[in-house]
Structure formats: C-alpha cells, structure tokens
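Peer 1: Since each chain sits alone in its own frame, please combine them into the complex, following the hints.
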Amino acid sequence: MMKSSVSGFLLLLALMLPPVANLLESIMITHMHMQMPLLVISGLFMANFFQNRFPDFFSNWNENGVPGILLFSIIMMYWSLPRTMDEALTLTSVEAFKFISLPFLAGVPLGDSWPKLSSFWKHALIIFFTILFLALGWLYIWSPVQLCNNYLVIEQITLGWGFISTAFAMVVYLIYSYFMDFSKYE
Amino acid sequence: METVIKQSGKTQVFKDKANKVMGISLEDAKLTKSYLSVAFLAILLGGLLGLLQGLNRAGMLELPAWLNYYQVLTAHGLLLVVVLSAFFTIGYFYAGLSHTLGGLLPKVRKMAWIGFWMKIFGFVLAVIPILMNEASVMYTFYPPMAASPIFYIGLVFIVLGVWMCAFGAFINVASWRKRNPGKHIPILSFFATAVFVLLFFGSIPVAIEVFTIIPWAFGWVETINVMVARTLFWAFGHTLVNIWYLTAVSAWYVIVPKIIGGRRWNDLLTRIVVIALVIMNITGGFHHQIIDPGISEPVKYMHVFMSLAIGFPSLMTAYAMFAVFERTARKKGGRGLVGWYKKLPWGDVRFLAPFIAMAAFIPAGAGGIVQSTNQLNQVVHNTMWVVGHFHLTLGMSVVMTFFGISYWLIPYVSKRVLTPQINKLGIIQTIIWTIGMIIMSGAMHWVGLLGSPRRTSYSTYFDNATALSWDPYLFFLAIGGTLLMIGVLMQVYAVFNLMFFAPKGNTEFPVAEVEEDEAPTPRWTERWGLWIVCMIVLVGMAYVIPLVDFIVNAPPGSPPYKTW
Ligand code: HEM
Ligand SMILES: [Cu+2]
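Chains as they are written, first to last, in the numbering used here: chain Y, 1 to 186; chain S, 1001 to 1564.
Honestly, I wouldn't trust all of these hints.
Cβ-Cβ distance ranges computed for the label pairs, FRET-style [what the hints assert, rightly or not]: (1) S:Trp1564 with Y:Leu174: 47 to 55 Å; (2) S:Gly1557 with Y:Trp138: 50 to 58 Å; (3) Y:Leu91 with S:Ile1153: 56 to 64 Å; (4) S:Ile1362 with Y:Ile126: 38 to 46 Å.
Residues from chain S that keep clear of chain Y, each with C-beta distances beyond 12 Å, as calculated [what the hints assert, rightly or not]: (5) Val1082; (6) Met1490; (7) Pro1503; (8) Asp1517; (9) Trp1528; (10) Cys1534.
Hint data in this document are derived by calculation from the structure and do not stem from the laboratory.
Ideal Cβ placement from N, Cα and C applies to all residues, glycine included.
One chain only, chain S, in its complex shape (with noise of 0.2 Å):
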C-alpha cells in the first residue's frame, strides 16, 4: 500500500466511506430520479401508443386522420427505443458510478445535467414534426423518405446530450483511477465504462448520416447515397440494442447474484466478457441489411460470421448465470440435479423479473441466429416476425431486467423501502407482463411466418383470403398487447410510489463480491485504450469493403420523398 495519502486522497477516504453508511448523496439521487422518470413516463405512452397499434392491427380501432398509424408507430419507436433505454441506462449507470466510486464529481454531475436538457430538448424538436404529419419515417428515418429538417436536428441533440453523459462519465471513471492506483475498477463501473464506450463510438456514425441527411432535407443538396446512409444508421443501430444488452448483463452477473444471496461468477471471465462484447459489437451492424442490394455475398456471408461471434460471450453469459444459481442455491443446502432451483428467492421481484428476462433470452437469442441466417431471413424479413423477436429480446429480456432494477434502485435513490405489498403487486406485474409477451410476441412471430409484413396499418388487401388468414393471430396480438398496457399500469404505479410514497428507510446497491478464493484479476483488463483500438481495427475490417464499394461505384443519388 501507498504510505503517503494526500489531504484530498483523505477527504476522499471519508466520502467513499461515507457514500457507503448513508447511501446516496441527495444531488446525484435526484439525477437518477430524474432519468429513471423520463423513461417510466416514456414507457406509459409508448406503451399506450403499442396498444393503439395493436387494436389496430387487429382490425378493431380506426385511427383518426389527425394521429395515423405511422404517426403513432415513429413515437412508439422513439420513445421506446431511443428514450426509455437511453434514459435508463445512464440513470442506472450514473448511480452505479456514484455508488462505487465514491460520488459523481461536481462537474460531471453538471455535464449529465445538461446531457439531460439537451436530450429533452432534442427530443421535443424531434417529436413536433411527428404530430404535425411531418416526419412519419419511422425511428430508423432511412433515406430516401425523408422527414422535416426540425426532425433531424432533434436527433442531433439527443446524440450530443448522450456524448455528455459519455464523457462525463469518462471523466469521473478515470479520476477514480488516478485516486486509486493498481486497484480496478468496480465491476459495475467497468460495465459503465464499456456501456458509454458503446454508446459514444456507436453513435458517431449516426450522426455523420444525420449531417449528411440535414442538407438534403433542407434541399440544399438534391440527393443522398441512399445505401451509405443505410449502412451508417444501422453501424449505430445495432449496437444500441447491445447497449441495452450490455447494460442488462450487467444486472445479471453484478447485482442478481447478490440479490440471491450469493457471490459473483469469476471475475477475470466477466471482464472479458464485457471486453469482448465492446470489441465486437458495431461490425454486427451487417445483418440488418441482408436483403439490402449493393453487398455482395462474400461480403454478406463475412458479416454472418461477425455477428454469430456475439454468440460466444451470450453463450458465456448463460453459462455463468447458472453456474452462479447452483452455487448459491447448493450453499444454502438445495439438493439434487435439479432440486436445487427451490431455494431461489422465487418470490422476490427483484430476482424473479431478471430472471424470465434471462429465461426469455434463450428463445429469443435462437429467433436472433434464425434471422441472421441468410436464407432464413428472406423469409422473415420486414414481416411481424421480427417485430415479434425485438418485443422479445427489447421487450423482455432488456424490459423486465430494467423493472427488476427498478425494485431497489428506486428506493435506494429516494431513501425508501421495497414494502410487501409493492414487491407482490411486482411480482404479479412480472406474471402478467410475461404471459402478456408470449401472446404478443408468440402472435407476431406466427403471422410474421405466414407473411403478415410490418409497419403496416390494418389491410385486408381487398379480402385477399391470404391477408384474411392472419385475422386470428393479429387479434391474439391484441389481447397479448392489452395485457401488456395493464403490466405497464401497474409499473409506472410501482415506480412512482416508491419514488415519492413508499416508508422511509434505507435501501442497499446490492453489488455482489467475488468468491473468496478467486485469483487476482491481472492488470491488462483495464487498457481500455488497447480494446477500443481493436475495436476500430475491427469496424475497419467490416466497413471498409462495402463503404468503398458504395461510395466508388454509386448508382444516382436519391431525392428526398414524402411517401405518407
């Protein structure tokens, strides 16, 4: 140990200590609140939103002129995709940082405040077009249909507030560094770390395809390279749904563990998971575009491979959950081969709702290689399908591992408790909300099979006997995306009343220890520097061959339209 510690080394001491007895300061509570509230409001209207597209697909509501379905279906996107995962993420985030690090610094509580505002305000410049019936394009806005410039301009507040909150937390990580000499960072803090390296390197190339978009939106330049912009928006595009995976599996190996009463799986294997998951994660962009024209098949076939290489840490993953299970549920005397599942906290909301989120991986991660496979997803591709599959990883396996956090992070930040009653009434949301799932997404997944396409609103296609047959499914849909609305009543009750109406007290950041006889973690896990330069070495590989192809041998550019 450092014989010497500074007067600010001291201070530091006693905060770290400090944070630890009395819990949260009260300013960087009130961020998270703030966040956490911004996407639980979110997800009431988004998910009031889902209803309405549900009842209309099910033929049994007309939307009004004034608020169309594709109206409704880009605010759903968007709220759901964009401000409810990212707003949760840097809430649950950003009190991990504050609990293992010993508080957020002033500065960086600053800058997340203003990646807050700038977010808001983006995201109200983006949301007026939509309701004046000028940006239905859908949260993936691909050119050649193109939106209101006030839309895009949105868009790029929103990525601006995110890098904020990237680099404020940059900032804070690598202070807590130069304190701390030799010691790694807090598990959960080198999730963040990994999470905001995503989100950061993600989103650059959204945002050269948005200022690329801007001007000709404007019509200052006629035409856009339509496969350029694809291919930029979904480098960007699937790596925030590994955002919200990765901020997930955070929950799963750091804090479920703990939850259960046990310890945490191997260290060493954990960071490399997550090393793993950074590096290779943007290149997977790829299997979005299979159908997409203009990539040859080499090209395509390499891609295939990059994106089943994500298969290998998820396999880790799995592994590492049950292996920790068993443990724990051996250590405290279960018996048997599998007898030994009885003695977990079943009723325990906060491990029940992670782990159908980790159990509804499984299906949904097979559902993931079937589509990534190049003759398979002819046959899915742009149905309800994969609407089905994304309701399933996003809406249940990253969705329900949120609200299991929700149960102990919102109290913790508000200095409550979880009462009885509130963990029950968790408990049934949690039921209702994975029966409401598997009707929808089981529903979808069916008529995405048998050709029902998505994005679209209610059709027969003039009593087409084909378009006819979906009727029965469509209508399981409905009621599957009914229950949902109610599971979505019952969580934003639960979150508000813990956060404003719940019994005083204090609540624990369940962080879990590692097992006792573990080997120290080497050094080399923390050059960040060195992953995220594989990580551009990797991107290069996977963008350079189909970028220089567009780019050299271009078709004509397209004009903007206004197909609604």
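Just chain Y, with the same shape it has in the complex (with noise of 0.2 Å):
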C-alpha cells in the first residue's frame, strides 16, 4: 500500500519538473486536461498514506464520503475556469497553489470518498461533471472572445472540444452502468 504512495509523490514531483510543467503548461488542452488530471491522480495514489497516518479525521469528517466529494467538486470548478489558468502562468503563488490543491486538497479526498459513496452518489457526481463538460464546452468553443491571455482562440477552441469529447465518454459510460445490472454477471 505504502508503494503507491510513493509513486504517487513522485508523479508529483516529476509534474513539477520545470521542463515537464512548461511543456504541459505550453498548450491549452494538456494544461488542463492532461497536467491537472495527473496533479489529482498522483493525489489519489497518496491517499492512503493520509488515511493511515490520520485515521480518525478521515473517518470524523468524512464518514459518507459526501464532504470529500464536495471539496473535490469545489476546487475542480475552481480549476475550469479560464480566469484560474491564466493566473497560474502569471503568478507564482497561484502556480504553487495549483500544485498543491489538485493533488491534496481534490485527489486525495477523491481517494477516500469514493470507496465510500453509494452508487447514487458515484452516478450524481458523474452526471454533474458531464453537465458541467458540456456547458464548459459550449463556453470554451463558442465563446466570441479570447478567454485567457496566454492562449490563442484555437486552443480555446480545442479545448472546447476536449471537454465535450470528455463529456460524450462519461455518457457513454452512464449509459453503459444504467444498461448493465453487475448483480446478473456476479
């Protein structure tokens, strides 16, 4: 258990590389579909060292898994936003903090909530990113002006399409969970 902890620090690390940041920072899409997943994946791979080390605060302040699911929904919106990416390229502190809250305070809640969360919730929370994918999309692609500053409209546009692309695979699973009853096949 403790190894996937450690791989998880160390996809961290490696994210922060310089040339690793940049090179994903460099284009829209990867920026925010390929750096920020990775930030909270390497977070869900360090959640277990947290829920050994402090057992009971997860168990006190998040018996059902619906917190750390509100949390994790919380900064993901906050990390959506065209207006939060431009200000990680200018600011430092912003940067810092993109670094530390995707994995901490989104990947690791994540890792603990989800085992815990009923399937209502799994399916509620599915169908509210989905939602919240296609009117990102709708945003990023229709939009009629240049949302960041450090970014061209193309890549805008592109990552418009990467969130509805996105969006269309979450359906397709949605639809896939809601045909398929698991208990026949178990």
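Peer 2: Now the structure itself:
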C-alpha cells in the first residue's frame, strides 16, 4: 500500500519539474486535460498514506464520503475557469496553489470518498461533471472572445472540444452502467 | 455455486458438454468453413497479383494496358488487407466463440451470414470499378484521388458486414455471461471480444470518411478536406493492423502452449495485455502521417509516444511466449541454459509456423520503431522499405500464424484430421514461405533505403544511375515473390485438402489451461464498458487537437482528381 503513495509522490515531483510543467502548460488543452488530471491522480495514489496517518480525521469528517467529494468538486470547478489557468501562468503563488490543491485537496479526498460513496452519489457525481463539461465545452467553443491572455482562440476551441469529447465518454459510461446490471453477472 | 439451474440452463449445460465431446455443430462449422474458404481464395488471387507486381518491379514483365500496375496493386491491397484478414479473423473467432461458449446462438449465426453476404456484395461492387480502371486509388483511397462512387459504396457494405459480425459476437458473449454469472469470459472469447470491439470502434472513423467522400465523388459537393480524410483513414487503418496482430497474438497465448503440451501464461497478465491493446490502439494512427503537413511538431511528438506505448504489451508478449516455451520444455526434461529448445515439437507445423511468425516479429517490430521515429521516417517514408516492413509484419508474423492455425482449425470444422503427409507439406511450405519472405522483404527494405519508391511501376527514370542501381535488389524481390507464390499454392492446396479430402476423424480445438497453482483472476478484468470509455478518452486526447486544427484552420478543400 505504501508503494502506491510513493509512486504518487514521485508522479507529483515529476510533474513539478520545470521542463515537464512548461511543456504541459504551453498548450491549453494539455494544461487543463493532462497536467491537472495527472495532479489529481498523484493525490489519488497518495490517499492511503494520509488515511493511515490520520484515520480519525477521515472517519470523523468524511464518514459517508460526501464532504470529501464536495471539496473535490469545488476544487475541480475552480480550476475549470479560464481565469484561474491564466493566473497560474502569471502568478507564482497561484501556480503553487495549483500544485498543492489538485493533489491534496482534490486527489486525496477523491481517493478517500469514492469507495465510501453509494452508487447513487457516484452516478450523481458523474452526471454533474458531464453537465459541467458540456457547459464548459460550449463556453470555450462558442465564446466570442479570447478568454485567456496566455492562449490563442484556436487553443480555446480545441479545449472546448476536449470537454465535449470527455463528456461524451462519460455519457457512454452512464448509458453502459444504466443498461448493465452487474448483479446479474456476479 | 447457484443451487437452482433453470430448464434452459440445463439444456445449455448439455449443449456445452456435447460441444466438447462431439466437436463443433454442423451449422457453426459451415459458417467458419465459408469464411476461411474466402480468406484462402483471397490469398490465392492476391498472391498471384503480388507476383505480377514483383515481376514488373524487376523489369521482367510489362503489364497489359487493360490491367495496369495500379489496378493490380489496388486489388492486391484490398484482397489481402481487407478480404483475407477480415474473413480469416471472423472465421477463426466465430469458431472460437462457438467452441468456448457452447455453440453460436441461432440469431448470431444468422447475423454472421448476413455479414458474410454483405461483405461479398460490397467487395464485388468495389472490384468492378477497379477492373474498369475507374478506381486505381490503392486500398488507402486517399483524397484528392477519387474513384468511381461505386467503389466507395462497396466499401460501405464491407463495413456494415463487419459490424454485423461484431454485434453478433457481442450478443453471444453477453448471453453467455448472463447464463454463467460470476464466471470469466473464456480467454479465447475474451480475445474475440477485444477484436470485435476494435473492429467496430476502429471502423467508425473510416465510415465517416467514406460518407464524406461519396457526395464528393458523385460531384454533389465540390471539395473535400484532405487532411481530415487522411486522418480518419489512418485511425481505422492502423487499428486494422492491430486487429490482425491481436488475432495472431490470441493464438500465441492460447493455442500454441496447448500444441506444445504446456499450459498458458498467467491469465490475469494475458487479459491485461488484451485490455492495454484495446485502449491504446486507435491513437497510433498518426505514425502513418509523420510526413503530413498541417500537424504541428509537438502533436507529432506526442503521437510518437502513443505509438511506442504499444511496444509495452508487445514486449510483455515476447517475454510471455519464451517463458511458456522454456517452462514447457523443462517439464519435458529439457536442460541447459538454451538446450531446452530441443524439446519443442519442431516437426509439427501447428507449432513451427506460429513460432517463425513470432520470431519474425522481432525484426518487424524493430523496423516499426525505426519508422515511428520522426527523423528516420523522413528517410524511408513512401519507399519500398515500408512495403518490406508490412510484408514482414503482416505477410509473415500474422499470415504465418494464420497458416499455422489452418492446420488444426480446418480439420476441426471439417471433422477430419491432419495427416502426416499434409503436416510435412506444411513444414516445407513454412520453410519456403520463410525463405521467400526473407528474400523479398529484405530486398524491399534495402532498395527502399536506396530510395526506390513504393507504389510505382517499373521505371528507369531515363536510365538514371541511381534508379539503375536498384535493379539487382528488385531482381531479388522477384525471386522472393516467386518462392512465395509456390508457398501460396501449397498452402491453398493444404487448406482445401483438409477441408474436403483428408480422412474423417476428430480434431480437437487446442485451448491451453492455466497453471494449476494460479491465483484467480480478479473481476475487474471483465469491465468492458470501462475499457471502452478509457479508449474513447484516449482517442479524444489524441484526435481533438489535430482535428480541430484541420477543420478550423482549413485550407480550401480539394476537388476530385483522377491521376491515372
Ligand atoms: C505471393 C506473395 C506476395 C508478393 C509477391 C507480394 C508482392 C508485393 C509487391 C511487389 C507490392 C508492391 C509494392 C509497391 O509497388 O508499392 C506489394 C504491395 C502490398 N502487399 Fe504484397 N506480396 C505478397 C503477399 C502479400 C501478403 C500475404 C500481404 C498481406 C497479407 C500483402 C500485402 C500487401 C500490401 C498491403 C501492399 C501495399 C499495397 C499498396 O501500396 O497499396 N502482400 N506486394
Ligand atoms: Cu500503424
């Protein structure tokens, strides 16, 4: 179990290396759809380190997983805004906040909450993010203006389609889990 | 275990047993026999056309005006890339589904037959314009070259026919899972599911492409976006390559260990290889477009990465195969660091052919890595090197595995046996094919490095010195091709002998078991929906950036051209 925490931490370090960070941040879609998810994933891997270290904290504050998932959602929504991405590139403090908030305030709570959530909440979360992604896709594709100082309009449109295609994948998953009754196969 | 078995459950158990004891049902056998017959007729005709090309390239044969080089090349590509591989894959996996899932459902069998005739009909439609010299667009049919619309309509039917078979397979697997709660899909059917998932999702892009080409070929719209069309084609074309590969790999993992009297490699890791190949496949398409303008350098760089990712499951496969060989040979008393290889059944064509196929994948894979590298691709792009590469991968690794399969699959479906004579013929055939392919593909690789272009009928370019220096290699190409044609004739003879004339008897469907002490495979390997979602996400990651760029920043489209 410890191994996964170490690999999560190594992933975080790798993402912090200046050439890696610069490369991923140089393209809008890899910034939002590759670097940020990877940061969350590094936190996911590190979750069990914190769970072992502070078992009481997680069982008291995140008994049914809902508070953790709310925190996760808030952080994710915050980082979906064009403004915050721009700031991360211009202000070092915001960049630092990105590298802390996404693993530790989004990845770790997600890792702790997901197994505790009922299937209702799991599906609710996916539905919520599907709608959010469709809306963001719509925003980025059809926005009449350039939303980020640091990225061109073409990159913005590309990111929009990235959101739409991710939303499409989630819709496929929802349809699949709606029609598949796993209990029939167990 | 469940306590209550319903009536239908009981008959199913009975059917499963009957299947194991008496072999395949006659109806399922007929389906596979038909698919395999078409596959081997395609190789007969395709091989003949290949020989014509080889002789022409060596300057030994001038093709007549009514059947020019590019007609022959289009037909050769279509017959071998589409017909042979699709029909063999479907015939083989449908027999596998029938064997491991207790027979095909009647509904599914009907779907496979409808698919069969749709593909044949589509193929006939595509061939007519080729023969009329109205469709010399090669099997890649890149715009702005435009064929007669009939050609594309034929392709639509082929795709629809393949989808029929894919959905048939899904229905059969789903029904088996309902009847067998808690069990893992048998490994061969697991491979089949993967292959049909890839066939279905991989052919969606080409279907989109063809639907945009048809109105353009009819002249209803004036122009087409060339880059989008090429990209959609290779999303499909590359996936198709990996479908053959996965088909061959299924035999390496599941069948070959049984033939050498061993057990197969770890079930969980096998399934992980399959899942990895499904998820990562479609995105490799860009390595066919390394020279294409309009794709920015960082994106090309990212795609080199995605292509090479496939190397990981391939290396796992290589490791697994040799682990199985060594383990089996040592169990049979093989000794020494490498001396154990003597215990393998070298005289059995069912082993020898797939073994050489695997060995060929080592240089073939190395060549593939060369081509995926940006700078090296500049050297070999569109030269004969590439033709040498895919004759090694497809013509050797894949096709020789198919040959090896035919020596037990055909007796199995025709309820006959492999005689020692045919086995011997098979061994000789394997050797001839190996030598022929080494000569031909070696010559192709080399002459490609010297600059000889692919897809070009013989020319000395006004006795240009460089072009003349290719001649000796092209001569070897023709020699290799002639040996291969002899190999084709022997193979086709063996196939139809085993199908109709060999002595009657029972042939087993060789599916290896796992090691006895192996831990049970976890349930999550069965979450196909999840793998498909991962695949879609990865496809999104790979294709959104370039496609948006091609479409938003599109240059003026191209009108259709007939370049021949
Ligand atoms: C008798 C055996 C064969 C011979 C002599 C042969 C020979 C050739 C030659 C000379 C070319 C043309 C190169 C060019 O001008 O670009 C060619 C192309 C090709 N061959 Fe073969 N081949 C044989 C078997 C196969 C097999 C078994 C396969 C696959 C299963 C195959 C697949 C292809 C493909 C895909 C092309 C490319 C067509 C194109 O560029 O559009 N060939 N072959
Ligand atoms: Cu490829």
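Peer 1: If a hint holds in the structure, say so; if it does not, say that too.
Peer 2: For each hint, the structure was consulted:
At about 49 Å, the beta-carbon gap between S:Trp1564 and Y:Leu174 stays in the expected band of 47 to 55 Å. About 27 Å separates the C-beta atoms of S:Gly1557 and Y:Trp138, a value inconsistent with the hinted range of 50 to 58 Å. For the pair Y:Leu91 and S:Ile1153, the beta carbons lie near 58 Å from each other, so the given range of 56 to 64 Å is met. About 44 Å separates the C-beta atoms of S:Ile1362 and Y:Ile126, a value consistent with the hinted range of 38 to 46 Å.
Non-interface call for S:Val1082 relative to chain Y: holds, since the shortest CB-CB distance, roughly 28 Å, exceeds 12 Å. Distance to chain Y confirms S:Met1490 as a non-interface residue, since its nearest Cβ pair spans about 46 Å, more than 12 Å. Even its closest Cβ contact with chain Y, about 43 Å, leaves S:Pro1503 beyond 12 Å, as expected for a residue assigned away from the interface. No beta-carbon of chain Y comes within 12 Å of the beta-carbon of S:Asp1517; the shortest separation is about 24 Å.
Remark: the non-interface label on S:Trp1528 conflicts with the geometry, its nearest Cβ contact in chain Y lying 9 Å away (cut-off 12 Å). Its beta-carbon lying about 8 Å from the closest one in chain Y, S:Cys1534 breaks the requirement of being farther than 12 Å from that chain.
When held up to the earlier numbered hints, the structure conflicts with 2, 9, 10 and fits the remainder.
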